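J.: Each chain is listed here by its residues.
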Amino acid sequence: MNRPVPLLTAGGLTKAHGRTPALRGASVELHTGEILAVTGASGSGKSTLLHCLAGIVRPDEGSVTYDGRRLADLPEQRLSELRRTEFGVVFQFGQLIPELTALDNVALPLLLAGTDRARARALAGEWLERFGVRGQQDLRPGEMSGGQAQRTALARALVTGPRVVFADEPTGALDSLSGEQVMTALVHTARESGTAVLLITHDAQVAAYADREVQLRDGAVVPLEVTA
Amino acid sequence: MNSLRSDLRLAWELTRGSDRGEWWRVALTVTGAALATGFALAAVALASLRGGHQVPVAAGLLDEPGTRSGVIVGLLLLLVPVLGFLGQCARIGAVHRDRRLAGLRLAGATPWQVRRIAALETGLACLLGSAVATVLSVLLLLRQWDRPTALAWVGIALVAVAVPVLGAVAGALALRRVVASPLGWVRRIGPGSGRGPGLLFLAGVLLVAVLALLTVVTTSTAAPDRPNGRVPLTVMGVVLVVGAGAVWLSGATAKATGRVLAPRARSAATLIAAERLREDPWSAARTHAAVLLVTVVGTGFLGIRQVLSDVVHSTRHLAEPASYYTTGLDLTGAAIAIAFAITLSGLAVGTAESLATRRRGLAAQAAAGVPHTVLGRALLLETALPLAPAMLLSGLGGMTIGTGYAVLSGRPAPWAIALVPVAVYAACLLAAATSLPLLRRSVRPGELRYA
Chain A
11 MNRPVPLLTA
21 GGLTKAHGRT
31 PALRGASVEL
41 HTGEILAVTG
51 ASGSGKSTLL
61 HCLAGIVRPD
71 EGSVTYDGRR
81 LADLPEQRLS
91 ELRRTEFGVV
101 FQFGQLIPEL
111 TALDNVALPL
121 LLAGTDRARA
131 RALAGEWLER
141 FGVRGQQDLR
151 PGEMSGGQAQ
161 RTALARALVT
171 GPRVVFADEP
181 TGALDSLSGE
191 QVMTALVHTA
201 RESGTAVLLI
211 THDAQVAAYA
221 DREVQLRDGA
231 VVPLEVTA
Chain B
1158 MNSLRSDLRL
1168 AWELTRGSDR
1178 GEWWRVALTV
1188 TGAALATGFA
1198 LAAVALASLR
1208 GGHQVPVAAG
1218 LLDEPGTRSG
1228 VIVGLLLLLV
1238 PVLGFLGQCA
1248 RIGAVHRDRR
1258 LAGLRLAGAT
1268 PWQVRRIAAL
1278 ETGLACLLGS
1288 AVATVLSVLL
1298 LLRQWDRPTA
1308 LAWVGIALVA
1318 VAVPVLGAVA
1328 GALALRRVVA
1338 SPLGWVRRIG
1348 PGSGRGPGLL
1358 FLAGVLLVAV
1368 LALLTVVTTS
1378 TAAPDRPNGR
1388 VPLTVMGVVL
1398 VVGAGAVWLS
1408 GATAKATGRV
1418 LAPRARSAAT
1428 LIAAERLRED
1438 PWSAARTHAA
1448 VLLVTVVGTG
1458 FLGIRQVLSD
1468 VVHSTRHLAE
1478 PASYYTTGLD
1488 LTGAAIAIAF
1498 AITLSGLAVG
1508 TAESLATRRR
1518 GLAAQAAAGV
1528 PHTVLGRALL
1538 LETALPLAPA
1548 MLLSGLGGMT
1558 IGTGYAVLSG
1568 RPAPWAIALV
1578 PVAVYAACLL
1588 AAATSLPLLR
1598 RSVRPGELRY
1608 A
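Residue numbers (the numbering used here), protein chains in the order written: chain A, 11 to 238; chain B, 1158 to 1608.
Mixed in with the good hints, there may be bad ones.
To be verified - So the derived label-pair ranges between C-beta atoms look like this: (1) 1498(B) with 88(A): 38 to 44 Å; (2) 82(A) with 1594(B): 47 to 53 Å; (3) 1413(B) with 87(A): 53 to 59 Å; (4) 82(A) with 1421(B): 50 to 56 Å; (5) 1553(B) with 87(A): 25 to 31 Å; (6) 1413(B) with 53(A): 46 to 52 Å; (7) 53(A) with 1170(B): 25 to 31 Å; (8) 1417(B) with 214(A): 48 to 54 Å.
Said to hold, decoys possible - Beyond 12 Å from chain A on every Cβ pair, some chain B residues (computed): (9) 1268; (10) 1425; (11) 1530.
Just so you know, these hints were derived from the structure itself, not from any lab. As the structure is a prediction and not an experimental result, all values here were calculated from the model. Ideal placement from N, C-alpha and C gives every residue a C-beta, glycine not left out.
Turn these sequences into a full structure, and let the hints steer you where they fit.
T.: This is the structure:
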């Protein structure tokens, strides 16, 4: 039986931060609608792998191909556009603009894409509703709880209808209940919209939400199948 | 003594282990302290003269007590932009420094120890700047003045000691919130909200005003047609009132601009800039106030200068040689130019500091696909938006002074001075734009690796 073509493929990635190697020939594939967890100990290169896959940094060696296009061939401007329109990125914290309300934070990617402000805010409101934080739409990130801020960040990552969401320890700064709410919201929305999710985590409970798990050890991928 | 030594060592270790921003802060604080010391020493040396003297510089302008006290007031006024500059320098890396010292409190340091470490950090930088400026000033003074009076030496010693002491006190006072609530400060991740216009800055300006008052009263001689120091005091009073008004005007226009624009913003850059202004309108108020003050004084002065130059060149019989008047005008112009340069430096430092504080958030925005151009435009708009209405008002104020003087003197109005606020505005945007290369560095993905 023919295997479907992966949406995102990375092969033989190496990357060093100064003299410290972070990735040593890591390879990974992500299929449309799949939720893939990348686990590993601190310093194993998980975040660097995500940065390479999302086109945030260029690997020293190896290549990343998204939907048939090599990211290395795309100029920085096109990569930014790709991250804005087809990718969604969620970090552990810090991605929301502290001066903007939750509603404006979620509306921001749409504004950048040229959507009218009123329409952008209306759509942002719908996404906040979906993530259960509509009541907090006028609050700024500093006025929200960690879980509310993270659900707002997820809404922001998904508002443009991306094909891939990269989530770097999205529950790392949250208590278990808030973490569960965030993961349930992410997985439910991804399944509903057919969005692929690359989930970086060191938490086995969070990794259990994924269809598949790969493990990073010393910058190299060690495959590990898990039941969905 | 032992505990002071260990605090000193700890302050040094903390600074040594800090990033480049901390070293920039130290270097710029040294520069600011050196400037403050230099201006204050020049004022003190002139103030120590009594009665008529032959001063071999400034075409006789410093020979008589009346004009001399005007120059002293001018030198003291130069301290105002220097204070603004020092205030901006103190903010470099402030968030990280505050967290570091709050961390010390949580680790068991007493409030007194934390205050002392903060005071040492700022005071030592001020001491270095003060020492360099004092040595250079004394060498320069001895070339012009064979035997300075005892009063001059006392004044020089007082200034050399006062600058680092005041710097240390300001450093300790700036940490009062950290000392009071270390836990809240360590965990603070959002921007400052509703900060006032800077009590330390206002206290510094008040100190300058009191010094100027004392100087004029003690150095100026009264004459039947010229009451004791009325003109310099009036100028000083007007400038300080305008300056104090400018601080509030700057903060108020920033807040109003943010409030008006935020709901109406159609582009991402305008929205980010407007919301930032609404959230923290006072962050740039001190520097912007100095810009407004320089604009009022500069625009008004250029109008007055044009009228006076016409008078000097068209009048055949002047009480003093023409160079006496033109030197006075040139010195005033030079002082305003220096004040403007210091103010622009403060503006550039303030913009760079604001970027450095937000670099992780900015890196996250860039990683999420927000184009660098949008972030750069937002940064420039944060300066451009609040300055525009404030600059219009200060330009009008300066033009009123310049044209009013021309009308009272029966001369044509100097309309060319209307270009001054435009030029100042453009220079401010250029100063803010000097931070754009830093923005490129700040949004590098490497920043995402640090909390």
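J.: Just tell me: holds or violated, for the beta carbon distance of residue 1413(B) and residue 53(A) against 46 to 52 Å?
T.: For residue 1413(B) and residue 53(A) the Cβ distance comes to about 49 Å; the hint holds.
J.: Against the range 25 to 31 Å, how does the distance between the Cβ atoms of residue 1553(B) and residue 87(A) compare: consistent or not?
T.: Given range 25 to 31 Å: violated, Cβ gap about 43 Å.
J.: Between residue 82(A) and residue 1421(B), does the beta-carbon spacing fit 50 to 56 Å?
T.: At roughly 41 Å between Cβ atoms, residue 1421(B) and residue 82(A) fall outside 50 to 56 Å, so the hint is violated.
J.: Does the Cβ distance between residue 1498(B) and residue 88(A) fall inside 38 to 44 Å?
T.: holds, 42 Å
J.: Taking 25 to 31 Å as the hint, is the beta-carbon distance of residue 53(A) and residue 1170(B) inside that range?
T.: Holds, since residue 53(A) and residue 1170(B) (Cβ atoms, about 26 Å apart) stay within the stated range.
J.: Indicate whether the distance between the beta carbons of residue 82(A) and residue 1594(B) respects the range 47 to 53 Å.
T.: violated, 25 Å
J.: Does the Cβ pair residue 1417(B), residue 214(A) satisfy 48 to 54 Å?
T.: Taking Cβ atoms as reference, residue 1417(B) and residue 214(A) lie about 51 Å apart, which means the hint holds.
J.: Decide, holds or violated, for the assertion that all CB atoms of chain A are farther than 12 Å from the CB of residue 1268(B).
T.: The claim stands: residue 1268(B) keeps its Cβ more than 12 Å from every Cβ of chain A (closest is about 26 Å).
J.: Is the nearest CB of chain A more than 12 Å from the CB of residue 1425(B)?
T.: Violated, because the least Cβ-Cβ distance between residue 1425(B) and chain A comes to about 5 Å, which does not exceed 12 Å.
J.: Between residue 1413(B) and residue 87(A), does the C-beta distance stay in 53 to 59 Å?
T.: violated, 36 Å
J.: Does the no-contact call for residue 1530(B) survive, Cβ to all of chain A over 12 Å?
T.: violated, 9 Å
The structure is inconsistent with the numbered hints 2, 3, 4, 5, 10 and 11, although it conforms to all the rest.
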